[in-house]
Amino acid sequence: MSDRDKDGAPDRSRCTEPQKKLLNSVDSCVDEALCGLVRASGGLSLLKGHRVVLRSDLDNLRGKVALLSGGGSGHEPAHGGYVGAGMLSAAVAGGVFASPPPASILAAIMSLHKAGASGVLLIVKNYTGDRLNFGLAAEQARNHGVAVDMVIVAEDCAFDRPSKAGRRGLCGTIFIHKLAGALAEEGASLDQIVAKVTVVLKGIGTLGVSLSPCSVPGCLPSFDLPPGDMELGLGIHGEPGIKRSKVASADEVVKTMIDHMTNPDSQSYLPLKSGDSVIVCVNNLGALSCLELAVVTRAAIICLENRGVVVARVMSGSFMTSLEMAGVSLTLMLANEETLKLFDAKTRAPAWPNLSSVCVSGRSYITEPPALGTRPQDDTHSEGPLSPVMRKALEKVSSTLLEKQEELNSLDRAAGDGDCGNTHAQAARAVQEWLQGHVVPGCPGKLLSVLAGLVQEKMGGSSGALYSLFLTAAAGHVTEEQSNAAAWASAMHAGTQAMRRYGGADPGDRTMLDALCPAVDELMKLTTAPPGGHMVILQAAVQKAASGAEATRNLTARAGRASYIAAERVTLPDPGAVAVAAIFKAVLESLEGQK
Numbered sequence: 039m040s041d042r043d044k045d046g047a048p049d050r051s052r053c054t055e056p057q058k059k060l061l062n063s064v065d066s067c068v069d070e071a072l073c074g075l076v077r078a079s080g081g082l083s084l085l086k087g088h089r090v091v092l093r094s095d096l097d098n099l100r101g102k103v104a105l106l107s108g109g110g111s112g113h114e115p116a117h118g119g120y121v122g123a124g125m126l127s128a129a130v131a132g133g134v135f136a137s138p139p140p141a142s143i144l145a146a147i148m149s150l151h152k153a154g155a156s157g158v159l160l161i162v163k164n165y166t167g168d169r170l171n172f173g174l175a176a177e178q179a180r181n182h183g184v185a186v187d188m189v190i191v192a193e194d195c196a197f198d199r200p201s202k203a204g205r206r207g208l209c210g211t212i213f214i215h216k217l218a219g220a221l222a223e224e225g226a227s228l229d230q231i232v233a234k235v236t237v238v239l240k241g242i243g244t245l246g247v248s249l250s251p252c253s254v255p256g257c258l259p260s261f262d263l264p265p266g267d268m269e270l271g272l273g274i275h276g277e278p279g280i281k282r283s284k285v286a287s288a289d290e291v292v293k294t295m296i297d298h299m300t301n302p303d304s305q306s307y308l309p310l311k312s313g314d315s316v317i318v319c320v321n322n323l324g325a326l327s328c329l330e331l332a333v334v335t336r337a338a339i340i341c342l343e344n345r346g347v348v349v350a351r352v353m354s355g356s357f358m359t360s361l362e363m364a365g366v367s368l369t370l371m372l373a374n375e376e377t378l379k380l381f382d383a384k385t386r387a388p389a390w391p392n393l394s395s396v397c398v399s400g401r402s403y404i405t406e407p408p409a410l411g412t413r414p415q416d417d418t419h420s421e422g423p424l425s426p427v428m429r430k431a432l433e434k435v436s437s438t439l440l441e442k443q444e445e446l447n448s449l450d451r452a453a454g455d456g457d458c459g460n461t462h463a464q465a466a467r468a469v470q471e472w473l474q475g476h477v478v479p480g481c482p483g484k485l486l487s488v489l490a491g492l493v494q495e496k497m498g499g500s501s502g503a504l505y506s507l508f509l510t511a512a513a514g515h516v517t518e519e520q521s522n523a524a525a526w527a528s529a530m531h532a533g534t535q536a537m538r539r540y541g542g543a544d545p546g547d548r549t550m551l552d553a554l555c556p557a558v559d560e561l562m563k564l565t566t567a568p569p570g571g572h573m574v575i576l577q578a579a580v581q582k583a584a585s586g587a588e589a590t591r592n593l594t595a596r597a598g599r600a601s602y603i604a605a606e607r608v609t610l611p612d613p614g615a616v617a618v619a620a621i622f623k624a625v626l627e628s629l630e631g632q633k
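Per this note's numbering, the sequence shown starts with residue 39, numbered consecutively.
Note that these hints are calculated values from the structure, not bench results. Don't be surprised by glycine CBs; every beta carbon is placed ideally from N, CA and C.
Cut-off 30 Å, straight-line C-alpha distance, at most; resulting in silico cross-link-like pairs (DSSO-like, lysine-lysine):
{"id": "1", "residue 1": "Lys-496", "residue 2": "Lys-623"}
{"id": "2", "residue 1": "Lys-59", "residue 2": "Lys-86"}
{"id": "3", "residue 1": "Lys-434", "residue 2": "Lys-563"}
{"id": "4", "residue 1": "Lys-240", "residue 2": "Lys-281"}
{"id": "5", "residue 1": "Lys-86", "residue 2": "Lys-384"}
{"id": "6", "residue 1": "Lys-59", "residue 2": "Lys-284"}
{"id": "7", "residue 1": "Lys-623", "residue 2": "Lys-430"}
Quick list of the computed label-pair ranges, beta carbon to beta carbon:
{"id": "8", "residue 1": "Ser-94", "residue 2": "Ser-394", "range": "26 to 32 Å"}
{"id": "9", "residue 1": "Tyr-540", "residue 2": "Thr-405", "range": "22 to 28 Å"}
{"id": "10", "residue 1": "Ser-283", "residue 2": "Glu-471", "range": "41 to 47 Å"}
{"id": "11", "residue 1": "Asp-262", "residue 2": "Arg-100", "range": "49 to 55 Å"}
{"id": "12", "residue 1": "Glu-224", "residue 2": "Lys-152", "range": "19 to 25 Å"}
{"id": "13", "residue 1": "Lys-202", "residue 2": "Ser-395", "range": "39 to 45 Å"}
{"id": "14", "residue 1": "Ser-283", "residue 2": "Ser-395", "range": "36 to 42 Å"}
{"id": "15", "residue 1": "Glu-519", "residue 2": "Pro-426", "range": "14 to 20 Å"}
{"id": "16", "residue 1": "Gly-498", "residue 2": "Ile-280", "range": "43 to 49 Å"}
Please construct the entire structure, taking both the sequences and the accompanying hints into account.
Following this line, the structure appears as structure tokens:
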């Protein structure tokens with residue numbers, strides 16, 4: 039069911055239960071939105087007493103053709119956002135989804151005429167209310183001696199057999215704003231502009247698809263669409279489309295749309311053949327995410343290029359919306375050298391995007407990354423005296439983390455997404471696989487670099503980044519020649535400082551640092567302790583890590599995902615701290631077993 043009646047106004051029979059909208063009031067929303075647009079745009083002004091947006095530099099219109107468009111509100115940024123040098127001279131707004139009144143249209147025309155415009159071109163979407171009201175205003179303006187002409191935009195490709203009302207005017211209207219605006223800036227006459235855009239209109243087609251309805255402020259949704267369904271070929275006011283089906287992939291939906299738009303069996307088809315050049319507009323109908331829109335844009339470019347069509351330009355964004363409708367429309371315009379020149383001409387309209395004038399098809403868009411050499415984990419290493427000791431330690435740490443996988447997941451479910459054990463297990467398995475096919479380098483720093491690369495690639499998430507930071511920073515402090523206890527302590531300290539610097543957490547924030555920092559502080563005693571006291575210090579460090587992890591159950595999280603959860607719900611130890619304590623204990627057990 040359409041939300042517009044025969045006069046172009048919303049169907050108020052559905053206005054019984056308001057939807058959530060960030061407005062002050064239903065009655066004032068259009069005026070406040072226009073005020074917001076104009077206040078934010080230095081090149082625009084409002085015509086007092088009317089919902090009319092004007093160029094603030096009307097004096098520059100003298101001797102040139104002025105362009106006026108408009109329609110119901112709810113399609114923002116259309117049409118006020120396209121007012122500016124190089125596009126519209128003014129735009130007149132009606133209520134939401136309602137045609138503007140003739141008096142305001144006439145006031146806009148007369149304002150442009152008074153500014154010295156040589157003529158006024160009305161660019162009107164093909165809806166009954168818009169045609170009637172703009173047409174009436176045009177006739178009244180002619181009676182005042184104004185040179186006025188009107189172009190009707192009717193580029194909807196939805197219906198194979200359009201009714202007597204004809205094809206609807208959709209997002210292709212903004213292409214006419216742009217081309218006519220560029221012609222007007224060049225000084226073309228009213229007749230010349232009308233003649234050229236009339237020809238261009240024959241090569242424009244638009245089709246929309248929606249995943250949800252929209253709702254006029256204060257009203258129920260404009261139509262009902264069950265979850266998982268989409269509607270093809272609907273209008274920008276919630277008018278019904280031509281087909282409902284289950285939501286498919288972006289590639290499939292785009293192919294369906296372009297197939298329908300170019301089907302020669304339809305009276306509304308766009309004549310598009312291999313070798314043609316087109317300008318593409320991928321238009322967000324209101325609530326599609328930018329991510330989805332970019333996916334659709336890619337699909338449209340590839341689909342057209344697979345047909346042998348040259349994609350000359352692409353504009354992707356919100357250009358003619360339907361309030362909060364989740365959907366997209368595709369507009370294709372056949373392009374030649376003159377069309378592209380007009381399209382590329384500069385404009386100061388605030389809603390027109392900053393587009394490249396480089397042809398999309400044929401452009402090299404992949405940049406090769408610089409060669410960084412092989413990954414540390416792929417290098418060939420030679421063993422040294424410490425290799426067997428470090429291998430045993432790694433084997434013990436890996437098996438310990440795998441044993442603790444479910445325990446860590448359980449702790450994480452209380453304060454995070456429940457995957458802490460899984461991520462540590464991924465790192466452990468990556469280390470085990472690497473150990474099976476590689477020798478452990480005799481240089482501890484090289485081994486730490488290998489481990490940094492493995493956890494960065496295989497562990498993922500913030501944990502992978504933190505461990506990789508720790509290991510990378512530590513690697514430079516231990517070499518084959520400098521690998522005594524003091525060097526290892528300095529390496530652990532450097533790694534911990536890197537985690538604090540880049541991660542933003544400190545001891546007491548209920549993170550892995552609450553186990554790591556006290557343990558490393560204890561290890562720093564190795565820098566001054568005699569060799570006979572090293573194992574005692576390591577044992578104390580392990581105990582400090584365990585105590586620090588246990589103490590996190592009484593801390594309030596100030597960093598990490600747990601910081602977003604109410605403190606009273608977080609009563610178990612931090613899983614990251616528990617994992618660190620387990621790693622320290624595994625290393626100690628490994629060293630004790632090799633004595």
